[in-house]
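Enquirer: Using the sequences and the hints given, assemble the complete structure.
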Amino acid sequence: MTHFSATENTALATAVQLTDAERQPCEVWTRVMGYHRPVASFNTGKQGEHNERQFFAEPGRAC
Numbered sequence: 001m002t003h004f005s006a007t008e009n010t011a012l013a014t015a016v017q018l019t020d021a022e023r024q025p026c027e028v029w030t031r032v033m034g035y036h037r038p039v040a041s042f043n044t045g046k047q048g049e050h051n052e053r054q055f056f057a058e059p060g061r062a063c
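For the sequence shown, position 17 (counting from the first letter as 1) is numbered 17 according to this note's numbering, and the numbering increases by one without interruption.
The set of hints was computed from the structure by calculation and includes no laboratory data. Backbone N, C-alpha and C define an ideal beta-carbon position, used for all residues, glycine too. Please note that a few of the clues may not be correct.
Unchecked claim - Here are the in silico distance ranges between beta carbons for each label pair:
hint: 1; residue 1: Asn51; residue 2: Gln24; range: 13 to 23 Å
hint: 2; residue 1: Phe56; residue 2: Thr19; range: 28 to 38 Å
hint: 3; residue 1: Ala57; residue 2: Pro25; range: 33 to 43 Å
Expert: Below is the structure:
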């Protein structure tokens, strides 16, 4: 197991720069009607509903 110091870790993170062409889209899945499905397979209306969702944060609790 290797151990990186904070400066080495930061240097590695800044050394890797990807262009938009090199990036891959992130596939988001969500639970619908008791099973999981990728959001990309939703119809236009359901994708719009998914984008409007708000996350619940209980007051006084850390997320």
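Enquirer: Hint by hint, say whether it matches the structure.
Expert: Tested hints:
| no. | hint | in the structure |
| --- | --- | --- |
| 1 | Asn51 to Gln24: 13 to 23 Å | holds, 20 Å |
| 2 | Phe56 to Thr19: 28 to 38 Å | holds, 36 Å |
| 3 | Ala57 to Pro25: 33 to 43 Å | violated, 27 Å |
Violated hint for the displayed structure: number 3, the only one.
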